[in-house]
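**Q** Single-letter residue listing:
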Amino acid sequence: MTDKKIRVLVAKPGLDGHDRGAKVVARALRDAGMEVIYTGLRQTPEMIAEAALQEDVDVVGLSVLSGAHMALAPRIMELLRSNGQSHVKVFIGGIIPDEDLVRLKEMGVTGVYGPGASTDDIIRDIKETVTG
Amino acid sequence: MTTSQDILNGNRLALAKLLTKIENNAPEGRDALIELFPHTGKAHLIGVTGAPGTGKSSLVNQLALHYRKVEDKKIAILAVDPSSPFTGGAVLGDRVRMRDLSGDEKVFIRSMATRGSLGGLAQSTANMTQVFDAAGFDIVIIETVGAGQSEVDVARLAHTTLVVEAPGLGDDIQAIKAGILEIADILVVNKGDRPGVENTEKALKSMLDLAHPTEKIFRHHGKSMNVDVPKQNTNTKLWIPPIQRTISTEGVGIAELAELISKHATHLLSGEGWSSRVRIRLQVEMEALIQESLMNRFRQDISKEKYDEVFEKVFQRNISPWEAVKMLMNGRLK
Ligand code: B12
Ligand SMILES: Nc1nc2c(ncn2[C@@H]2O[C@H](COP(=O)(O)OP(=O)(O)OP(=O)(O)O)[C@@H](O)[C@H]2O)c(=O)[nH]1
Ligand SMILES: [Mg+2]
Chain E
397 MTDKKIRVLV
407 AKPGLDGHDR
417 GAKVVARALR
427 DAGMEVIYTG
437 LRQTPEMIAE
447 AALQEDVDVV
457 GLSVLSGAHM
467 ALAPRIMELL
477 RSNGQSHVKV
487 FIGGIIPDED
497 LVRLKEMGVT
507 GVYGPGASTD
517 DIIRDIKETV
527 TG
Chain V
102 MTTSQDILNG
112 NRLALAKLLT
122 KIENNAPEGR
132 DALIELFPHT
142 GKAHLIGVTG
152 APGTGKSSLV
162 NQLALHYRKV
172 EDKKIAILAV
182 DPSSPFTGGA
192 VLGDRVRMRD
202 LSGDEKVFIR
212 SMATRGSLGG
222 LAQSTANMTQ
232 VFDAAGFDIV
242 IIETVGAGQS
252 EVDVARLAHT
262 TLVVEAPGLG
272 DDIQAIKAGI
282 LEIADILVVN
292 KGDRPGVENT
302 EKALKSMLDL
312 AHPTEKIFRH
322 HGKSMNVDVP
332 KQNTNTKLWI
342 PPIQRTISTE
352 GVGIAELAEL
362 ISKHATHLLS
372 GEGWSSRVRI
382 RLQVEMEALI
392 QESLMNRFRQ
402 DISKEKYDEV
412 FEKVFQRNIS
422 PWEAVKMLMN
432 GRLK
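Line order of the protein sequences matches chains E and V.
In this text, residue positions in the first sequence follow our numbering: the first is 397, and each later residue adds one.
In this text, residue positions in the second sequence follow our numbering: the first is 102, and each later residue adds one.
These are computed hints drawn from the structure, not numbers from a lab.
Remember, it's a predicted structure, so these values are computed and weren't measured experimentally.
Beta carbons are placed, not taken as given, at the ideal position from N, Cα and C, and that holds for glycine.
Errors might be hidden in some of the hints.
[Claimed, not checked] Label-pair ranges, simulated between beta-carbon atoms:
#1 Asp205(V) / Glu495(E): 46 to 54 Å
#2 Lys400(E) / Glu393(V): 13 to 21 Å
#3 Gly512(E) / Pro296(V): 42 to 50 Å
#4 Glu495(E) / Glu393(V): 52 to 60 Å
#5 Glu524(E) / Leu383(V): 26 to 34 Å
#6 Leu114(V) / Arg520(E): 23 to 31 Å
#7 Asp201(V) / Thr525(E): 51 to 59 Å
#8 Gly269(V) / Glu524(E): 41 to 49 Å
When you get a sec, could you build the whole thing from the sequences and use the hints?
**A** Below, the structure written as structure tokens:
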């Protein structure tokens, strides 16, 4: 008998100080029964990939409201891959223009969410991609 | 190549995955533990406990930095936070204070939730420390949930237990209540930059004078364990927990604390202390495994129908629970 839990790393990459959304999402995921590792602000892509590896997470959730997502996300995905963690799903939230949304998805990002996104939707999407 | 071989070779991804398997009670986890056991017994396990917000994570961060810079030791950190009793989820936030340690191949930080277990640690914490031990980490630091009660579990697991206090947590004496002194090998007064440090230190000193803890009480599932502890050698000096003041945000007092930790290890090794702690830990672990396997055998031997039938009699007050157990066990588990 195993007691598996969904483990999610919630990280704020770059110099962006808007942490309200990340905290709201972290709490919502906890309330949905997930284990959320919260790293805090000002994480480099290297720090995020390292934490994802040590914590053996199923999902990496990035919160970016600064506009730097197109620089940060690909680098993080590349590091996850080179660490042998290409199975880890990446979710991004924050201020993401529509045209970037398409490109992020093409890069392999699983879910992208903007202001006002429902946490119920986020929870459902994470559960679906991880368990099934 | 087997998982265990990967772990012994220092593969970090394999290590992370094995920790998950052990945490999830997966059978592969137990298989690996069996293979790794001969490689354990080398690491110094340091427990860090204390009330919420006293600065445990910040202290662990500084201590690990010190060990890396000054002693070039390989450090593993297991940071435990509580699971929500309602949803089973958790937010594990100890890493926030440990960002200085990132990018160092000789440091491995793992966060874990209690998953319903009380006493400041999770069920699988002890087994996870064994994996780090086998993987060649010289020091394994275990940060407990900040509960402020007597976290006996960590004292049972660790060779050296630090209890972290800080000024300004309301009633100082209240915060350092019974139990905590019994488990402390070293008392840390953190937030030494805050007003009231002297009072906290004074309160601790006077409590220490009252209660020289000469013996440790180990509990398991609420029961005191009867374990054979080798007789105290009368030549061995008594260890009285020293008090160390620190400022974890600035690294003040950390070198002194590391010195005390190493003195404590020397003290334990010079007498029977080290081996008696290990003995107790292993006996408790075996006891728990025996209970678990007896329980499994019981479940296999006695059908649910039979169990429910007997229980119903208890519920109707036709028989007592004692008679019920006798009835269920008779002829089964001789
Ligand atoms: C509140 C706020 C602030 C607060 C932040 C407080 C805090 N600690 O978070 C303060 C006043 C400090 C602030 C400062 C600044 N801000 Co401001 N701020 C906002 C504002 C009004 C709301 C953000 C917010 O908290 N929303 C509430 C949360 C719950 O929503 P959210 O973060 O969007 O999260 C949701 C989704 O995005 C998603 N999500 C978010 N994270 C994640 C993560 C995962 C894993 C998932 C799955 C989903 C997800 O789910 C959440 C729930 O729906 C926005 C405008 C806006 N409407 O978004 C501007 C905004 C983000 N700020 C902006 C700017 C420019 C700044 C400043 C640079 C201003 C300045 N010149 O000083 C500074 C920079 C601060 C810094 N150090 O980074 C711009 C950014 C422009 C851009 N990206 O191009 C915005 C868009 C305003 C604007 N229209 O110009 N700001
Ligand atoms: N002034 C001061 N603040 C400190 C010191 N050490 C830690 N802090 C602050 O105290 C707060 C809590 O620190 P943590 O290290 O997270 O405390 P903790 O005991 O691990 O907390 P929990 O794990 O939540 O129980 C943070 O804001 C730290 O920056 C110190 O020596 N002086
Ligand atoms: Mg902490």
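**Q** Is the distance from the Cβ of glutamate 495(E) to the Cβ of glutamate 393(V) consistent with 52 to 60 Å?
**A** 56 Å, holds
**Q** Okay, glycine 269(V) versus glutamate 524(E) on CB: inside 41 to 49 Å?
**A** 46 Å, holds
**Q** Quick check: does the Cβ-Cβ distance between leucine 114(V) and arginine 520(E) fall within 23 to 31 Å?
**A** Holds: the Cβ-Cβ distance is about 29 Å, inside 23 to 31 Å.
**Q** Within 26 to 34 Å or not, the Cβ separation of glutamate 524(E) and leucine 383(V)?
**A** 44 Å, violated
**Q** Using the beta carbons of aspartate 205(V) and glutamate 495(E), state whether their distance is inside 46 to 54 Å or not.
**A** With a Cβ separation near 39 Å, aspartate 205(V) and glutamate 495(E) fall outside 46 to 54 Å, so the hint is violated.
**Q** Mind checking the hinted window 42 to 50 Å against the Cβ distance between glycine 512(E) and proline 296(V)?
**A** This hint holds: roughly 44 Å between Cβ atoms.
**Q** Between the beta carbons of lysine 400(E) and glutamate 393(V), is the distance compatible with 13 to 21 Å?
**A** Roughly 20 Å apart at Cβ, these two residues keep to the hinted range, so it holds.
**Q** Lying within 51 to 59 Å: is that true of the beta-carbon distance aspartate 201(V) to threonine 525(E)?
**A** 33 Å, violated
Comparing the model with each earlier hint shows violations of hints 1, 5, 7; every other hint is respected.
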